[in-house]
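Taken in order, the sequence shown gives residues 567 to 717; the numbers are from this note's numbering.
Quick caveat, the hints were computed from the structure, so don't treat them as lab data.
Only a predicted model underlies this, so the values are computations on that prediction, with no experimental measurement involved.
Do not take every clue at face value.
Here are the computed lysine-lysine pairs in the DSBU-like style, where the Cα-Cα straight-line distance is at most 35 Å [to be verified]:
hint: 1; residue 1: LYS616; residue 2: LYS604
hint: 2; residue 1: LYS617; residue 2: LYS627
hint: 3; residue 1: LYS613; residue 2: LYS596
hint: 4; residue 1: LYS616; residue 2: LYS697
hint: 5; residue 1: LYS697; residue 2: LYS613
hint: 6; residue 1: LYS659; residue 2: LYS583
The calculated label-pair distances, taken between Cβ atoms and stated as ranges, are [unchecked claim]:
hint: 7; residue 1: ALA588; residue 2: GLU625; range: 56 to 66 Å
hint: 8; residue 1: LYS679; residue 2: LYS659; range: 16 to 26 Å
hint: 9; residue 1: LYS697; residue 2: ASN669; range: 34 to 44 Å
hint: 10; residue 1: ALA588; residue 2: LYS613; range: 43 to 53 Å
hint: 11; residue 1: LYS711; residue 2: SER609; range: 51 to 61 Å
hint: 12; residue 1: GLY661; residue 2: ASP603; range: 46 to 56 Å
hint: 13; residue 1: PRO608; residue 2: SER686; range: 12 to 22 Å
hint: 14; residue 1: TYR667; residue 2: GLU624; range: 30 to 40 Å
hint: 15; residue 1: LYS711; residue 2: LYS617; range: 14 to 24 Å
hint: 16; residue 1: LYS604; residue 2: PHE678; range: 52 to 62 Å
We put the beta carbon where it would ideally sit given N, CA and C, even for glycine.
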Amino acid sequence: MARPKQPIALIQAKGKKHLTKAEIEDRKSKEVKANCDKVDPPSYLPKTLKKEFERIAEELKRIDIMSNLDCEALARYIVSEYNYQKVTKKLLKTGVDNDKYFNYLLMQDKLFKQSRQAASDLGLTISSRCKLVIPTKTEEKPVNKFSKFMK
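Let the hints inform the model, and build the full structure from the sequences given.
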């Protein structure tokens, strides 16, 4: 089975594969890079959730993994997390002997799974961030005018 294609910046950061300048330019021209200029919360989010959206979106943009295409995914995460917290509060107020307790428990479980999956997809969990490989910006070394004689 073939491995998924990696961005050229990641390949260069790893330093395991040596490509010619022409190959690098060719790969860069074929890569698709999503814009992150319109990362706005969806209109259906209430004001309090929009603030949370903007807070998380800024963090994700800072580490260069958020794009315009991720807005709906982030909004779904925020809504599921908000609902999870509401159901958890109701669950804690409800007694164990109450009939509603098990309904709240089932809702909490479903919302927890939704929230955890969305968080993992967005890189918001420790384990998902460990899997992310974000290329670091390396400084260009000045060209040594004597390097051609060292070969």
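Hints and how they fare:
{"no.": "1", "hint": "LYS616 / LYS604", "verdict": "holds (14 Å)"}
{"no.": "2", "hint": "LYS617 / LYS627", "verdict": "holds (15 Å)"}
{"no.": "3", "hint": "LYS613 / LYS596", "verdict": "violated (40 Å)"}
{"no.": "4", "hint": "LYS616 / LYS697", "verdict": "holds (28 Å)"}
{"no.": "5", "hint": "LYS697 / LYS613", "verdict": "holds (33 Å)"}
{"no.": "6", "hint": "LYS659 / LYS583", "verdict": "violated (58 Å)"}
{"no.": "7", "hint": "ALA588 / GLU625: 56 to 66 Å", "verdict": "violated (37 Å)"}
{"no.": "8", "hint": "LYS679 / LYS659: 16 to 26 Å", "verdict": "holds (22 Å)"}
{"no.": "9", "hint": "LYS697 / ASN669: 34 to 44 Å", "verdict": "holds (35 Å)"}
{"no.": "10", "hint": "ALA588 / LYS613: 43 to 53 Å", "verdict": "holds (52 Å)"}
{"no.": "11", "hint": "LYS711 / SER609: 51 to 61 Å", "verdict": "holds (58 Å)"}
{"no.": "12", "hint": "GLY661 / ASP603: 46 to 56 Å", "verdict": "holds (51 Å)"}
{"no.": "13", "hint": "PRO608 / SER686: 12 to 22 Å", "verdict": "holds (21 Å)"}
{"no.": "14", "hint": "TYR667 / GLU624: 30 to 40 Å", "verdict": "holds (38 Å)"}
{"no.": "15", "hint": "LYS711 / LYS617: 14 to 24 Å", "verdict": "violated (55 Å)"}
{"no.": "16", "hint": "LYS604 / PHE678: 52 to 62 Å", "verdict": "violated (31 Å)"}
In summary, the structure is inconsistent with hints 3, 6, 7, 15, 16 from the numbered list given earlier, while agreeing with the others.
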